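Engineer: Make a model of the complete structure from these sequences and hints.
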Amino acid sequence: MNYIPFFDGHNDTLTQTLPQKLSQPTLFPLGTPKTHLDLQRALQSHYLGGLFAIFVDSADEEEADSAAYRTASNQLIMPPPLDHSLARQRTEAVMAQVLRAERAPQCPWRIARTYNDLQRNISEEKLSIVLHIEGAEAIDFELNNLELYYQSGLRSLGLVWSRPNIFGNGVPFERPGNPDSGFGLTPAGRRLVKRCNELGIIVDLAHLNEKGFWDAAKVSAAPLVVSHSAAYAMAPSARNLTDQQLQAIAESNGIVGLTLHVADLRPDGRYDPHLGLAYFMEHLSHIAERIGIEHVGLGSDFDGACMPEELPEVGSLPNLLKALQDAEFSGGDIEKFAYKNWLRVIRDTWH
Numbered sequence: 001m002n003y004i005p006f007f008d009g010h011n012d013t014l015t016q017t018l019p020q021k022l023s024q025p026t027l028f029p030l031g032t033p034k035t036h037l038d039l040q041r042a043l044q045s046h047y048l049g050g051l052f053a054i055f056v057d058s059a060d061e062e063e064a065d066s067a068a069y070r071t072a073s074n075q076l077i078m079p080p081p082l083d084h085s086l087a088r089q090r091t092e093a094v095m096a097q098v099l100r101a102e103r104a105p106q107c108p109w110r111i112a113r114t115y116n117d118l119q120r121n122i123s124e125e126k127l128s129i130v131l132h133i134e135g136a137e138a139i140d141f142e143l144n145n146l147e148l149y150y151q152s153g154l155r156s157l158g159l160v161w162s163r164p165n166i167f168g169n170g171v172p173f174e175r176p177g178n179p180d181s182g183f184g185l186t187p188a189g190r191r192l193v194k195r196c197n198e199l200g201i202i203v204d205l206a207h208l209n210e211k212g213f214w215d216a217a218k219v220s221a222a223p224l225v226v227s228h229s230a231a232y233a234m235a236p237s238a239r240n241l242t243d244q245q246l247q248a249i250a251e252s253n254g255i256v257g258l259t260l261h262v263a264d265l266r267p268d269g270r271y272d273p274h275l276g277l278a279y280f281m282e283h284l285s286h287i288a289e290r291i292g293i294e295h296v297g298l299g300s301d302f303d304g305a306c307m308p309e310e311l312p313e314v315g316s317l318p319n320l321l322k323a324l325q326d327a328e329f330s331g332g333d334i335e336k337f338a339y340k341n342w343l344r345v346i347r348d349t350w351h
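Oh and the sequence shown: position 268 is 268 in this note's numbering, straight run, nothing missing.
Derived by calculation from the structure, the hints in this document are not laboratory data.
As the structure is a computational prediction, the values presented were derived from the model and not from experiment.
Think of the CB as a built atom: it goes at the ideal place given N, C-alpha and C, for glycine as much as any other residue.
Below, a list of computed lysine to any residue pairs in the SDA-like style, where the Cα atoms sit at most 25 Å apart:
1. 126 <-> 96
2. 340 <-> 248
3. 322 <-> 273
4. 218 <-> 188
5. 322 <-> 335
6. 218 <-> 142
7. 126 <-> 113
8. 218 <-> 181
9. 194 <-> 151
10. 322 <-> 44
11. 34 <-> 272
12. 126 <-> 16
13. 211 <-> 198
14. 218 <-> 144
15. 218 <-> 183
16. 126 <-> 321
17. 340 <-> 40
18. 340 <-> 117
19. 340 <-> 46
20. 211 <-> 177
Distance windows between CB atoms, simulated:
21. 244 <-> 191: 20 to 30 Å
22. 89 <-> 274: 34 to 44 Å
23. 152 <-> 85: 12 to 22 Å
Structural biologist: Have a look at this one:
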């Protein structure tokens, strides 16, 4: 391998490109020229794949707009809880479309259900889709459909998005903000973590508040994973991780997917892409120095965030590779960050 590929902890490309209503056509464009990620650019940039999120917005689909949750001071507040039936219907609609598309002749990507699947896809140069649900509102209280989703290929689950549900409480999009807000995991949330451990589903703690993070850390037997976040010490966003949380992730042999979202990288919290990659590198250096390069990887948030001007889409990943080289990370450390750390955590979590 004369290049260094990337495995990504989080993107929202499925959410951006697939209809969430069962009545709509089941076309499957894996991204478009207008999205941050599409299949052609991904393969050209040696993007191995990643955790592809299925996300259902709190607003009605025709009115979905994050600006609806902004205050007069341009801060984002907590959206209301999401209806379970709506979440389940739309989640299953997207999952069904992905499963249908995978059966098409000569499909250039595959759903990764096992670690061996990932290894085979890499050797055959096929992109890997790890099915991920962002926010567990589609999961019923008894966890019955979790079993069905697992059999359909679900291998990663975010307990919450930035809103409360029956399992826990997310953090508002406050910059500056405090991750220590609201209640922790409910008894149902703790059961969900344990059942995911038993099945071999990654438990993603992104968007979870600090109390919920520590509750999950107490009950989880798997490596702790936060798919897309950054360092609170460098930028005081409520979405970011304190040094104590970073240490707990390292002690579990887990991973932080470092986001490219500039508002969580900049100390001022602005949606300003200028010098965004420089801020990204500052966060990476802090996390690597604090807990080791072995516990951080890419968590881009492609198609769900404001990208740095130097890395506006997946085709710009060579710019990130150059930044890592310019920062004098060794080839071995770059490989760990780029893909090996994620593959290790997946190997240690999936059954």
